[in-house]
Structure formats: structure tokens, C-alpha cells
Amino acid sequence: MFNKAIRGKSPRSLLFIFEVLSLFLLFVYQNTRVDRFTIMTGIGLILIISLSNYLLIKISSGDNYIFLIVTMLISIGTIMIYRIDEGLGIKQLIWLSMGILLFFMTYFFVKYIKGWQNWIYLYVGASYILFFMTFILGSRKKGAINWINLGNFSFQPAEITKLLIVFILSSYYANISKWKEIKNASYYLMGVIYSFILLLFLQRDLGMAMIFYLIFISIQFIYEEDRKLIIYNIGLLIIGGIIGYTMFDHVKIRFQAWINPWKYIDRQGYQITQSLFAIAEGGFFGKGLGLGHPYFIPEVYTDFIFSAICEEMGIFTGIGIIMLYMILVYRGFKIAISQEETFFRILALGISILFGVQSLIILGGVLKMIPLTGITLPFISYGGSSILSSFIALGILQVSSEEISLRRVQDEQRD
Amino acid sequence: MYNILAILFKYIFIIIIYLFIFSIIRLIYLDIKGMEAISSDNRTYLKLINRTDSLPFKIKEHYSIDDSLTLGRRGDNHIVVKDPYVSKEHFQIIEDEEEYYLEDLNSANGTYLNGERIFDVMKLKDGDIIRVGKIEFLFVSRE
Numbered sequence: 013m014f015n016k017a018i019r020g021k022s023p024r025s026l027l028f029i030f031e032v033l034s035l036f037l038l039f040v041y042q043n044t045r046v047d048r049f050t051i052m053t054g055i056g057l058i059l060i061i062s063l064s065n066y067l068l069i070k071i072s073s074g075d076n077y078i079f080l081i082v083t084m085l086i087s088i089g090t091i092m093i094y095r096i097d098e099g100l101g102i103k104q105l106i107w108l109s110m111g112i113l114l115f116f117m118t119y120f121f122v123k124y125i126k127g128w129q130n131w132i133y134l135y136v137g138a139s140y141i142l143f144f145m146t147f148i149l150g151s152r153k154k155g156a157i158n159w160i161n162l163g164n165f166s167f168q169p170a171e172i173t174k175l176l177i178v179f180i181l182s183s184y185y186a187n188i189s190k191w192k193e194i195k196n197a198s199y200y201l202m203g204v205i206y207s208f209i210l211l212l213f214l215q216r217d218l219g220m221a222m223i224f225y226l227i228f229i230s231i232q233f234i235y236e237e238d239r240k241l242i243i244y245n246i247g248l249l250i251i252g253g254i255i256g257y258t259m260f261d262h263v264k265i266r267f268q269a270w271i272n273p274w275k276y277i278d279r280q281g282y283q284i285t286q287s288l289f290a291i292a293e294g295g296f297f298g299k300g301l302g303l304g305h306p307y308f309i310p311e312v313y314t315d316f317i318f319s320a321i322c323e324e325m326g327i328f329t330g331i332g333i334i335m336l337y338m339i340l341v342y343r344g345f346k347i348a349i350s351q352e353e354t355f356f357r358i359l360a361l362g363i364s365i366l367f368g369v370q371s372l373i374i375l376g377g378v379l380k381m382i383p384l385t386g387i388t389l390p391f392i393s394y395g396g397s398s399i400l401s402s403f404i405a406l407g408i409l410q411v412s413s414e415e416i417s418l419r420r421v422q423d424e425q426r427d
Numbered sequence: 399m400y401n402i403l404a405i406l407f408k409y410i411f412i413i414i415i416y417l418f419i420f421s422i423i424r425l426i427y428l429d430i431k432g433m434e435a436i437s438s439d440n441r442t443y444l445k446l447i448n449r450t451d452s453l454p455f456k457i458k459e460h461y462s463i464d465d466s467l468t469l470g471r472r473g474d475n476h477i478v479v480k481d482p483y484v485s486k487e488h489f490q491i492i493e494d495e496e497e498y499y500l501e502d503l504n505s506a507n508g509t510y511l512n513g514e515r516i517f518d519v520m521k522l523k524d525g526d527i528i529r530v531g532k533i534e535f536l537f538v539s540r541e
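Protein sequence lines, in the order shown, are assigned to chains A and B. One rule links them: number in the working numbering = place in the first sequence (from 1) + 12. One rule links them: number in the working numbering = place in the second sequence (from 1) + 398.
None of these hints come from the bench; they were simulated from the model. The model shown is predicted, which means the values in this text are computed figures rather than measured ones. Ideal Cβ placement from N, Cα and C applies to all residues, glycine included. It is possible that part of the hints are untrue.
[To be verified] Some chain A residues near chain B, calculated using beta-carbon distances under 8 angstroms: (1) P23; (2) L26; (3) L27; (4) F30; (5) Y77; (6) L80; (7) G298; (8) L303; (9) M325; (10) G326; (11) F328; (12) I339.
Could you build the full structure based on these sequences and the hints that come with them?
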């Protein structure tokens, strides 16, 4: 009986309790000036999350844990952002609602449109168009040209390209028998991907270049029959790294700031040392929400949100977040293993690798484990395009978790 | 006042987050336990279409078929389903010369093959859907 009570319902109710408690705390925090906005934001957050969790179970026959894990991550993120800056918190909530809407839209699009594996040229073309748009219309922000401004709205095209790259790789390896007829097709693929990485490098978006490279090499490692290519890839990475270090200043600066940030504490090492101070200040259980000093950390809403969470909610929450990402990636791999359609299998794999790699790069960066490159923490950081693209990716993962070959059998019987 | 509350709440938050992680891991554990590895030499099996956590009784995701397989509420069947809708002996699948046949064992509520109730012994082919009450199985047979 106890088992039945815990099954299925328990994580959802825990999530609900977490949100209610944290919102209550936020009300007390601003007790002198509780306004309508705070209440609306709070109720909005709870409503959106509970409703979408409920809807998903009704709609999808696939995995229902991934969305649950993600809603926990977005709850922690939104509460932290709201605590730092109320205006941004409300904006984040709007982004989240759009993201969840997009999640459901992606789910239906990917599910009911057939033939995703045949449009490889479209994906490659779209990626190049996005890159050139960035070069022509892009504006320089924090040393990297990766933003396009359209009126009040600005977005990062690379966030879409990183999904397109997963599609390119999936449609290539799903139709590998067709591509094998062309001589050296895998080299052409490699050329295309490296041209993307080079373009990102020219835009100085090093974090994104790293994500692209790691997705590419992971999928190639799993599916490429010509094992020489993997060695070439690793060789090229080493050569590229050495060239980048010696020729480009911004690579060198990041590397030096990683090796010894204390030496450059007033300049390049400032971000990372502030992040380390914040994490150390928090200790095991944190300072308590609203009692820390997250304003000292630069970029605290986006890249360094993890440090702020660690400061106010403790390293235990930090470890919890890392565990949540681990479960998410594990679920993604399990979805990939049980999926029988090759295209969706590689797609699920690519997206799980994307989530894993993206969180690894930024968490490693803020903890000074690897050189810091500015990318967002998926689902937690503030940021429109990052939230939207993460939710699109999640929608694709949700479709992949269903039995696509089974659905085809049923369709045939209906015809 | 606020400080005391914030300090109290930070412990509660950590406990809730870990309980959440624990309950998800528990669900995943149950999920994995429900899967039975299909050995590569046996490619004929029944696959449950429903999600295991949507059914209020114990059931596995895969059942491999050797020479025969029976489903019913009584304990000596291959698939035991503790659902009042299911008869004590509900249906059986028999193998004969590499072909598989489905037979209803005079169950009260009937067995449905691809949406139609069966009365005779029916030959099964790959992709057939067998339904008993709410439970749906996919018949998979690969050469």
C-alpha cells in the first residue's frame, strides 16, 4: 500500500511543496513591499509547472521523468533569479511559459511530421544561413559576436544551430548505407562540422564550439565504422588547441585565468575568483535565501547562477543539481537504448550528450575544474534563447521516448 | 525574523530536493526492475504497451514465449495478473511448427486481437496487438 502511495505522485507533490515554501519565503523577504507582481509570478510558476506536468502524462505515452526533473531545475533557477532581480524573474517566467509551450509544439511537430531523417541538406543550409546572419547582423557582447538584435528581441543563433547539428548527425548516421555509396562521405561530414566549429571560433564563442565538437566526437565514436576518423579528430583538437593558444589572445587569457586566477584577480581572474569566494562562503548548507551577496559575482543570472545557488542554498543543493543533471542524462541514454528507430535513437543520444556536455562545461568552469567558457546552465540560467532551445531539445527527447516503430505498426493497421 | 526563517528554510529546501531526487531514483529503479532482458536467441515475446506505472497491479514489460504461454489470475500461469477483470485462466499462446497461435480459454470478458474479440484459435503474426481488459500486449516475433 505504501508503495502505491509513493509511486508516481510523490515527486510531483514534493515539487509542489518546494515551490510553495520558497515563494512564501520570498514574500517574507520583501515583506515591506509585497506587490501584485510577486503574487502573480508565484502563482504563475506553480500553475504552469503543475499543469504541464499533468498534461504531459495525459498526452504522452513515453517517459514522464525527464520533464519532472526539468521542472525541478527550472523551479530552483527561477526562484534564485527572482531573488536576485525581480524584473528578470518575471521575464524568466515569461520565457519559461513560452519554452513549455514550445516543448508541446515541438512534441507534436516532431511526432506527426514524417521524414525528418531525409532533410540533411536543409539542416546544413539552415545552419550556414544562421551563421552568416550572425556575422552580418550580429552585435558584439562580452567579447563574442553571437547575438542578433531584432528590435527589443535578441537571440543567439548558435542555440538553434546546436540542435541542427544533432539533426545533421542523426540523419547522416541513420542513412549511413545510402551515404556509403558516396566515396569519403564521412570526410565531407567532418568538413561541414569543422566549418561550423571554425565559424564559432571566429565569433569567439568558445563554449559553443566545445559543445559542437564534443557532440560530434561522441556520436562519431558510437556510430562511425571508420575508426581512423576518431583519431584524426582527436589529433585535430590537439593541433587546434595549440594553434588557438598561441595565436588567439582570448584563448590564452581564459587558459591563464584557469591556471592561476589569483594572479589576475583584478582582471581576467575576477569572475572565477568571485565565483569561488561565493561557493566557499556558502558552505554545506548555504547562507539562506536572500542572505548572501550574489551581486559581487559578474554575470550572476546566466553563467554564474550556480555559484549564487551554492552561496545561498549550500553546496548540498549544488550537488543535488549535479545529480539532477546526471539522472536527466541517464534517462536520455536509456531512452536512446530502448528506441528502435535509428534516427530517433541517435537524436535522443545527441540531445542527452548536449545536456550533459553543456552542464559539464559551465559547472566545471565556475568550479575552476576546466577553463571557463561562457555558456548557460541549461534550464537554470536566465536567458531567452537558451531556455527555448533547451525546451525544444526536451520535446524531441520526449518524442524519442515513445515507441515510434510501434506507432507505425498501428498506423498501418488502421489504413 | 526573516533571518531565522531563511536559515530554517535552507535546511528544508535541501531535504526536499534530496527527497525529490530519491523518489525519482526510486521510480527509475522500479522501472529497471520491471524490465526483463530479452536474450538474443529468443526473439519471440510479448511486450507490454501500457506503462507499468499506469496499471495498479504488478506486471513486467516483456514476457518471452517458449513453447507455450498462459495468462490468468491464478498463480500457476506464466503471466499472473491480479486484476478482477481477468479470468483465472484467460488466454494461452501455443507454438506449433514455428507458428504461434492465440487461444481464448473461455474467459468471462474475452480476449481481443487487433481490436476484435476472438472465439477461435488465431494465428499470430509480428506486430499483432493482444488486449485483455486494459492491458495491451504487442506480439513480437523476429526471425
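Against chain B, run the beta carbon of A/G326 and see if the smallest gap drops under 8 angstroms. Since chain B brings a Cβ to about 6 angstroms from A/G326, closer than 8 angstroms, the hint holds.
Under 8 angstroms is the threshold here; is the Cβ of A/Y77 close enough to any Cβ of chain B for the hint to stand? Nearest chain B Cβ about 6 angstroms off; hint holds.
Please verify that hint: A/G298, Cβ, nearest Cβ of chain B, below 8 angstroms or not. holds, 5 angstroms
With 8 angstroms as the cut and Cβ atoms as the points, is A/L27 at the interface with chain B? holds, 6 angstroms
Given a cut of 8 angstroms on the nearest C-beta pair, is the interface hint for A/I339 held or broken against chain B? holds, 6 angstroms
With chain B as the partner, please determine if A/M325 meets the hint condition of a C-beta pair closer than 8 angstroms. holds, 6 angstroms
Does the interface hint hold: is A/F328 within less than 8 angstroms of chain B, judged Cβ to Cβ? holds, 5 angstroms
Please check whether A/P23 passes as an interface residue: C-beta within 8 angstroms of a C-beta belonging to chain B. At about 5 angstroms, which falls below the 8 angstroms cut-off, the nearest Cβ of chain B leaves the hint on A/P23 intact, so it holds.
Does the interface hint hold: is A/L303 within less than 8 angstroms of chain B, judged Cβ to Cβ? holds, 5 angstroms
Interface hint outcome for A/L26 [beta carbon to chain B under 8 angstroms]: holds, 5 angstroms
Using 8 angstroms as the Cβ threshold, decide whether A/F30 counts as touching chain B. Holds, about 5 angstroms.
Grab the minimum C-beta distance from A/L80 to chain B and call the hint holds if it beats 8 angstroms, violated otherwise. This interface hint holds because 7 angstroms falls under the 8 angstroms limit.
In this structure, none of the earlier numbered hints is contradicted; all agree with it.
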